[in-house]
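At position 162 of the sequence shown (counting the first as 1) the number is 162 in the numbering used here, and the numbers step up by one without a gap.
The hints are simulated quantities; they were obtained by calculation from the structure and are not laboratory data.
You may find that some hints are simply not true.
Stated by the list, open to error - Heads up, simulated BS3-like pairs for lysine-lysine below, C-alpha to C-alpha not over 30 Å straight-line:
id : residue 1 : residue 2
1  : K337      : K300
2  : K41       : K300
3  : K289      : K337
4  : K209      : K343
5  : K180      : K74
6  : K41       : K183
7  : K27       : K180
8  : K359      : K52
9  : K338      : K183
10 : K97       : K221
11 : K97       : K41
12 : K183      : K248
Given the structure is predicted, the values throughout are model-derived calculations rather than measurements.
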Amino acid sequence: MQNKHNPKFLFFALLALFFSVNLFSQKSVYAGIEIGRRAIKVSVIDVNNIRKADYKILSFWTERIPFADHITAKGELTQEDITRTSVIVTNQLQRIKAENKILEENIFVVAAPVFASARNLDVLKNKIAILTGKQLEVLDVNEEAKTLVKGAIPPVDFANAFLLDIGAQTTKGGYIDELKDGKLEFIPLELSFGTMTLTDAVEKTVVNKSQVNDMSTYQEKSFDYNVILRKKTKELFDANPPLAKKDKLYLSGGAVWAFSTLFYDENVNKDHYVALTLQDVIDYDAILKNNFNKFTNLAKTNKEAARVLSTYDQKYLISANNILVTCLESIPDYATKKIFFVKEGQVIWLISYIADRSKKINTNF
1 MQNKHNPKFL FFALLALFFS VNLFSQKSVY AGIEIGRRAI KVSVIDVNNI
51 RKADYKILSF WTERIPFADH ITAKGELTQE DITRTSVIVT NQLQRIKAEN
101 KILEENIFVV AAPVFASARN LDVLKNKIAI LTGKQLEVLD VNEEAKTLVK
151 GAIPPVDFAN AFLLDIGAQT TKGGYIDELK DGKLEFIPLE LSFGTMTLTD
201 AVEKTVVNKS QVNDMSTYQE KSFDYNVILR KKTKELFDAN PPLAKKDKLY
251 LSGGAVWAFS TLFYDENVNK DHYVALTLQD VIDYDAILKN NFNKFTNLAK
301 TNKEAARVLS TYDQKYLISA NNILVTCLES IPDYATKKIF FVKEGQVIWL
351 ISYIADRSKK INTNF
């Protein structure tokens with residue numbers, strides 16, 4: 001009994017307790033380095049409850065590099081891209097480990113699907129492996145929508161929700177269907193319009209090319225083109241009857257980020273999911289088309305609003321919101337649905353990876 005009061009015994013007991021607590025905390029911290037189409041993003045998160053997508057972002061960092069442009073132009077990564085990326089990944093891995101004492105198996109390094117088309121991808125993979133000991137995994141373009149769904153929708157809502165991600169080229173997403181034998185099946189959703197492709201399609205309808213940059217002309221043609229957009233969107237929902245039974249819609253992508261930032265301004269809560277309504281989107285649409293100066297003035301004092309306007313001009317914002325409005329208006333039984341914007345879109349893929357490796361969640365679909 002006297003040993004329990006011995007100073008040495010107490011010291012080692014406290015030391016053991018410290019390391020056990022520290023080890024436990026490490027298990028909940030995850031990090032990811034994503035080499036995307038146009039940037040390298042680094043995320044570190046502490047996960048409290050993966051089923052409910054309850055997590056805290058400890059740090060986020062990004063550096064813009066136009067990888068996709070280089071791959072499209074030359075069919076391969078430039079030597080500068082390879083060198084710069086290797087240095088960034090190595091330095092960021094060292095920083096992540098030093099600052100978070102994170103478990104090695106909780107760190108992931110991935111690249112966007114566009115990298116699969118680079119002839120010299122293996123050079124980048126080998127260099128990263130030699131410098132860091134980590135394997136660079138390239139996301140499968142066919143798995144992209146599934147990755148979005150796993151990371152954006154809280155697993156507790158897998159059976160009860162669907163996702164739409166409004167991107168630059170297309171609008172992607174999907175839902176999970178419960179089969180009779182208890183198995184799960186992933187059903188992808190895709191609309192052939194995104195912010196950039198819709199803008200390009202509208203501009204092609206302008207006969208007098210000298211008017212292509214005239215906003216009144218663009219708005220007129222954009223309004224006319226909505227007929228095609230509505231038809232395509234209706235076809236998407238008609239082809240997927242189970243969507244009518246889903247209670248929740250999760251939205252991600254630049255279009256919804258722009259709306260949420262400009263319309264809600266500082267009133268966006270700190271949760272990962274922001275509730276929104278069709279009426280809010282319609283009201284935002286009116287400002288976007290008739291009082292755009294409100295947003296340019298906001299950008300003078302609001303850094304996030306300034307970031308939106310440095311990313312999208314007025315035409316792109318109009319196209320983005322046309323897709324958003326049309327999707328919401330096309331949802332069967334819209335009044336019965338709850339709509340959420342996935343605010344922390346930059347960590348969606350990392351949450352997806354964690355969900356895949358969680359023994360508490362069935363992601364085998």
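Q) Holds or violated: are the alpha carbons of K27 and K180 at most 30 Å from each other? A) violated, 36 Å
Q.
K97 and K221 were given as a pair; does the straight-line alpha-carbon distance stay at or below 30 Å?
A. With Cα atoms ~53 Å apart, K97 and K221 exceed 30 Å; violated.
Q) Would the pair K209 and K343 pass a check requiring their Cα atoms to be no farther apart than 30 Å? A) violated, 38 Å
Q) Has the given pair, K289 with K337, been kept, meaning a C-alpha gap of at most 30 Å? A) holds, 27 Å
Q. Does the alpha-carbon distance linking K41 and K183 stay inside the 30 Å limit?
A. Between K41 and K183 the Cα gap is close to 34 Å, so the pair fails against 30 Å, i.e. violated.
Q: Below or equal to 30 Å on CA atoms is what counts here, so check K337 against K300.
A: violated, 36 Å
Q.
Need the status of pair K97, K41: alpha-carbon distance at most 30 Å?
A. holds, 16 Å
Q. Regarding the pair K183 and K248, is the alpha-carbon distance no greater than 30 Å?
A. holds, 21 Å
(Q) Run the distance test for K338 versus K183: straight-line Cα separation, threshold 30 Å. (A) Within the cut-off at roughly 26 Å; holds.
(Q) So if I understand the rule, the pair passes when the alpha-carbon distance is 30 Å or less; does K180 with K74 pass? (A) It is violated: about 49 Å lies between the C-alpha atoms, which goes past 30 Å.
**Q.** Pair hint outcome, K359 versus K52 [Cα-Cα no greater than 30 Å]
**A.** Roughly 14 Å between the alpha carbons, so the hint for K359 and K52 holds.
Q.
So if I understand the rule, the pair passes when the alpha-carbon distance is 30 Å or less; does K41 with K300 pass?
A. Given that 30 Å is the threshold and the Cα spacing comes to 26 Å, the pair holds.
Violated hints, in rising order: 1, 4, 5, 6, 7, 10; the structure is consistent with all others.
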